[in-house]
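Chemist: Below are the chains, spelled out letter by letter.
2 protein chains.
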Amino acid sequence: MSRTPDARMRDNQTKRIQERISNVEKHFGKMCQTLAAYGRNSARVRDKADLLVRELGQYSDTETPSLKNALKHFASHLAKIQDYRQAQVERLEVKVIEPLKGYNAVVRRKREDVKTTQSARTRESKQMDQLERTRQKNPSDRQVISQAESDLQRATMDATRTTRQLEETMEEFEKQKMRDLKKILSDFVTVEMSFHAKALELYTLAYHSIHSVEEEEDLKVFRSSLHPPDYLTPANSLEGTASTPFQQQRASGRQASREEEEEDEDESEEEEDEDSEEES
Amino acid sequence: MSRTPDARMRDNQTKRIQERISNVEKHFGKMCQTLAAYGRNSARVRDKADLLVRELGQYSDTETPSLKNALKHFASHLAKIQDYRQAQVERLEVKVIEPLKGYNAVVRRKREDVKTTQSARTRESKQMDQLERTRQKNPSDRQVISQAESDLQRATMDATRTTRQLEETMEEFEKQKMRDLKKILSDFVTVEMSFHAKALELYTLAYHSIHSVEEEEDLKVFRSSLHPPDYLTPANSLEGTASTPFQQQRASGRQASREEEEEDEDESEEEEDEDSEEES
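If you read the sequences in order, they're chains A and B. So the first sequence is numbered by this note's numbering: it starts at -10 and just counts up by one. So the second sequence is numbered by this note's numbering: it starts at -10 and just counts up by one.
Chain A with its partners taken away, still in its complex shape (with noise of 0.2 Å):
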């Protein structure tokens, strides 16, 4: 097919164009892929902070009062970032993942343009074809002729047309690809910025939590632990002391009943056993 030179402008420029909606297609999908592994790994993160929360949960059960108070406050405050980080991971798959993934459906779309504008060429550049044959066929007929010139030229107004539909087209892209960029980037920055506030206050909380350990309180009653009194008192005892050092004094009678009820109430709890984490 010959080629005007004006054709071979519009060609260039389709060409051009194909590069930016290939070019957008790449790294859009680039970065969306990277994205979602982002979010991945902070669903883990979130995974292994909800894990040392349930940890410290278990350890508080077996401590003395002011600690286990301290530590149990400490890890609801941790609980509650892993609550926020859980919806950082959301918003980021609904605001940002999904509006990249969204690229795919107008990458398409433009190719479909580019198309049309293509075929529109085609069909002009067939016409300048037949308008030579015909000339050269029948130099002298000059209805065949006219005729020819006459299809060719409408041929030339469509492309001409559609590719002024289609540069259009491609700035309305460019404006709004630019506009979908700074809006996904900026609900990026606004998802992770929200999840870092609500962090550093409760962040400040747990800190504060784990300041109010009372150590001397706790002392006396880990002291009193290893030396209990002779009623066992549930306020004196810790977990774990499921047999008394009056099992002596029980055989000759003096306050067997009292002890036997007392050492139901201490009988250690189960601790869990932890599903086996394996190392991701």
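The set of hints was computed from the structure by calculation and includes no laboratory data. Keep in mind that the hints are not guaranteed to be accurate.
A pair counts as met if it fits within one copy or between any two copies, since identical chains are not told apart.
Straight-line C-alpha distance at most 27 Å; calculated DSSO-like pairs for lysine-lysine [what the hints assert, rightly or not]: (1) Lys171 x Lys15; (2) Lys164 x Lys15; (3) Lys171 x Lys57; (4) Lys90 x Lys166; (5) Lys69 x Lys57; (6) Lys172 x Lys209; (7) Lys166 x Lys61; (8) Lys84 x Lys209.
Given chain A, work out where chain B should sit, using these hints.
Modeler: Frame of chain A, contents of chain B only:
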């Protein structure tokens, strides 16, 4: 071996002490492992973000000037955040994980202390048996009995002394444990907060970067890339415009050498291949 009521009481106390030691070993061990996993997963988040930084850089090289600029600045703030994430991971190791690991040695020493005390009590028990046997064998030999009683007395004093030492050492252990736990968890919080605070600062800058895009300026550049003028100047061209729409004109000699110069300047940059990033 026979056991006095006192001896049985001390045995129970020792049992509780051993339980406390094992409890710390178990729970500190679990928390240490979980925090190590938390650190590793945080490092993976950093890696994904670093990958995003690179991809933004590569994509920005293909874009119109103000979008390119905005993306590069955005990426540089994101990169700094990952530097702080790296610091977070390193400090977690030093201030939280290592101290928890250190409890292995503490636990070992406490178990040795318990052993020492148990050995002393075993010796006391043996002396008691010895005395009993001596009394049965030589009931009238006051001298031998007196010797045995004296040996028992020494062993009892020794057992009493080591028991007291064990109680003191365990109280010190409990006190130190509370302080260490307070410090470890505090440091965990401050390491985290330090990172979150920096992230907030840098994300604020990133937000401003992405909002600095000048859409209209960039659209002008884009439009002129679709309609290259007679002179293809670098300012008006985009990456990837390796061939100009002016091939035909060159053949006719117009502005040939000038265009060839500018074509070299516009040669598209090679985009580096990304190391294939397998999904962790």
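Chemist: From the Cα coordinates, with 27 Å as the cut-off, is the pair Lys171 and Lys57 best called within, between, both, or neither?
Modeler: Answer is between: at 12 Å across copies they meet the 27 Å cutoff, but 48 Å inside does not.
Chemist: What label fits Lys164 with Lys15 when the C-alpha limit is 27 Å: within, between, both, or neither?
Modeler: within (18 Å within a copy, 60 Å between copies)
Chemist: Could you figure out if Lys171 and Lys15 sit no more than 27 Å apart (CA to CA) within one copy, between two copies, both or neither?
Modeler: Answer is within: at 18 Å inside a copy they meet the 27 Å cutoff, but 50 Å across does not.
Chemist: At most 27 Å between CA atoms: does that hold for Lys166 and Lys61 within a copy, between copies, both, or neither?
Modeler: Classified as between; 17 Å across copies, 49 Å inside a copy.
Chemist: Can you tell me if Lys172 and Lys209 fall within 27 Å by alpha carbon in one copy, between copies, both or neither?
Modeler: For Lys172 and Lys209, the Cα distance is within 27 Å only across copies (21 Å; inside one copy 59 Å).
Chemist: Between copies, within a copy, both or neither: which fits Lys90 and Lys166 at Cα up to 27 Å?
Modeler: Cα proximity of Lys90 and Lys166: one copy only (13 Å, versus 51 Å across).
Chemist: State whether the alpha carbon distance between Lys84 and Lys209 is at most 27 Å within one copy, between copies, both, or neither.
Modeler: So Lys84 and Lys209 fail the 27 Å test inside a copy (54 Å) and across (29 Å) alike.
Chemist: Quick one: Lys69 to Lys57, C-alpha cut-off 27 Å, is that within a copy, between copies, both, or neither?
Modeler: within (19 Å within a copy, 39 Å between copies)
The structure does not agree with numbered hint 8 stated previously, though it agrees with all others.
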